[in-house]
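Taking the hints into account, I'd like the entire structure generated from these sequences.
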Amino acid sequence: MKFWLIIRIAFALLMARWKQTMVAAIGVAFSITMFITLLGFMGGLNDLLDGLLLNRTPHIRLYNEIKAPEVLPVNLSPKYKDHYNFVKSVKPKNERQQIHNITAIEAALKQDNRVLGFAPKITAQVFYNIGSTDLNGLINGIDVAGENALFLFNDYVVAGNYTDLNTIPNSIILGKGIAEKTFTNVGDIIQVTTAKGESRQLKVVGLFQSGIQEIDKVQSYASLKTTQNLVGETGSYITDLQVKLHDLSLAPAMAKEFEQLYAVDAVDIQTANSQFETGSKVRTLISYAVGITLLIVAGFGIYNILNMMIYEKMDSIAILKATGFSGRDVNRIFLCIALTIGISGGLAGLVLGFGLSSVIDQIPFNTPSLPTVKTYPVNYNPFFYLIGGVFALITTYFAGFFPSKKASKMDPVTIIRGK
Amino acid sequence: MSNRSIILEARNISKYFHDPLTVQVLKDISFSIIAGEFIAVIGKSGCGKSTLLYVLSTMDTDYEGNVILQGVDLKGKKDAELAKVRNNSIGFVFQFHYLLNEFNVLNNVMLPGLKKAQYSEQEVEQRAYEKLKILGIQDEALKKPNQLSGGQKQRVAIARALINDPLIIMGDEPTGNLDKKNSDLVFSIFNELSKEYGQTLLIVTHDLEFAHKTHRIIEMQDGKIISA
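Taken in sequence, the protein lines are chains L and C.
For the first sequence, my numbering assigns the number 5 to the initial residue and increments by one for each residue that follows.
For the second sequence, my numbering assigns the number 854 to the initial residue and increments by one for each residue that follows.
The set of hints was computed from the structure by calculation and includes no laboratory data.
C-beta: ideal position from N, C-alpha, C; glycine also.
27 Å max Cα-Cα, derived DSSO-like pairs, lysine-lysine:
{"#": "1", "chain 1": "L", "residue 1": "K413", "chain 2": "C", "residue 2": "K969"}
{"#": "2", "chain 1": "L", "residue 1": "K409", "chain 2": "C", "residue 2": "K930"}
{"#": "3", "chain 1": "C", "residue 1": "K931", "chain 2": "L", "residue 2": "K6"}
{"#": "4", "chain 1": "L", "residue 1": "K6", "chain 2": "C", "residue 2": "K930"}
{"#": "5", "chain 1": "L", "residue 1": "K409", "chain 2": "C", "residue 2": "K928"}
Quick list of simulated restraints, FRET-style, between CB atoms:
{"#": "6", "chain 1": "L", "residue 1": "F304", "chain 2": "C", "residue 2": "S1041", "range": "50 to 60 Å"}
{"#": "7", "chain 1": "C", "residue 1": "G889", "chain 2": "L", "residue 2": "Y401", "range": "47 to 57 Å"}
{"#": "8", "chain 1": "L", "residue 1": "V363", "chain 2": "C", "residue 2": "Q971", "range": "51 to 61 Å"}
{"#": "9", "chain 1": "L", "residue 1": "K23", "chain 2": "C", "residue 2": "E1062", "range": "44 to 54 Å"}
{"#": "10", "chain 1": "L", "residue 1": "K413", "chain 2": "C", "residue 2": "N941", "range": "13 to 23 Å"}
{"#": "11", "chain 1": "C", "residue 1": "Q971", "chain 2": "L", "residue 2": "A20", "range": "21 to 31 Å"}
{"#": "12", "chain 1": "L", "residue 1": "I300", "chain 2": "C", "residue 2": "D915", "range": "34 to 44 Å"}
{"#": "13", "chain 1": "C", "residue 1": "D1018", "chain 2": "L", "residue 2": "I300", "range": "50 to 60 Å"}
Sample of chain C residues lacking proximity to chain L, with all beta carbon distances greater than 10 Å (derived):
{"#": "14", "residue": "Y869"}
{"#": "15", "residue": "L874"}
{"#": "16", "residue": "F884"}
{"#": "17", "residue": "I1070"}
Printed below as a string of structure tokens:
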């Protein structure tokens, strides 16, 4: 009964000055809209930049590095144990680049539930022959389906069909830079020479563009089988195993584990791309700084509007108190008013923020480095909406709480006499 | 006069204003009000009569001495308790009407009754209509206060003061803003309340003609009562 009376009074006070109420609610809504939109937009751009690298980089790369042995036989010999042994100009053993025991490793990775997936890869040094000129190049032999599933290979194929790599024997997808240099296009034949001196003719079934010119000028893609043929190796010849994990942050620890377990070299994405880590961290920091600044500014805006609204109602407070309403009742009435504005303004802000984000999402954004991105990216992270909504409620609560607390403690005569 | 019929008693009330200088506005005031009395407080501007009224009505808690309402000392009571006293026992009529423009006349009168929650809403509404009828403004019940004339507003304010059947009605120059005709009307209402309903009234006024028609005049000067 009493609570209902308080709500009724609050509602009457709100409706009596509905224009002012609207202004207050719009103020709240505007703040929250801006917060949601800006954070969503910044989040989207950050994800885009992160994706530039993350989409095509394995979380852990397993490979077999050709290097000189760390422990030399002389050091193992008990006879020379107490000596200082100097061996200069140590050379690596005649060893192939391939990962040993690949089938067992693949089987083990399949069982590992931390692993999202993996794709084998071969890299082969070649020359692209154009007339009498040879251009340096690198052919990546890939498991076409796996590469596309894990690293969105198709996103970067700008001409032709990537599945042709599997169906057409001795086919190749050329980097756009090479294609331009050699005047080749989809359907043409290009001649390559391997490091061992063999020449092969490959059919161009597509072109790809990674966005990084240095890569597009050098690299090409072919199927695993074509590449194995090219380098004259058998079907078990794999030089790289690219692993993607469910949780990126596990990569450094798992790389070490794999190194021990499978006796291979393993490098994690954090180590291989430390500059990316730094960039990503800095961008996240900027996002947080902007978000917090926006919230503070919005908070002060909301606080001011509500504060003024309540000070304008001082008379009503005095009257209510004179006729027998206690400070607590007055406090509750104004909290009710503040929260009504907070809830309605906050909800409107969330909806408008979503709307504005969707509008940004429709604005064309074409960039050569990202062939798949057609519009500005927006992140619709529900967390932003949660923060925005909770924040609107909390600030309006306090904006209502402090002035009404002050007013409720005053003797009514102080307000009346102050006039 | 038996002690039993005293409803409000002021004992040695002093009050100071501190801003900008400390000034004593009420000096050791003591008097009592007996049930059914119709008292006028007169005095020149600044003699402290309104201040005294605010202290007695519990709307001002910054004073020395004691205010005793029906044998209960109100000194040091909490805000919520004082609010309850104002709600149940004291009806206050200001010089300016102080109605809430957000509500219509009927709701303005009903609000203290709804707050008291002694009766259901229908009953409170019924009683509000009765009070408005006594004051001859039942036809204006559904209008907003700002659609009424000054005299009508003041009558609504009186109806609001009456809604919870208070022990005492206090008025701070309730006719101060009204013309002769409306002043007379308000006075006759007070008179009628006093005579027919035995209502206790304590009215601060400038209007000597008004004052002389009451039962008792308390005259104040420089914060003291000079004749009661």
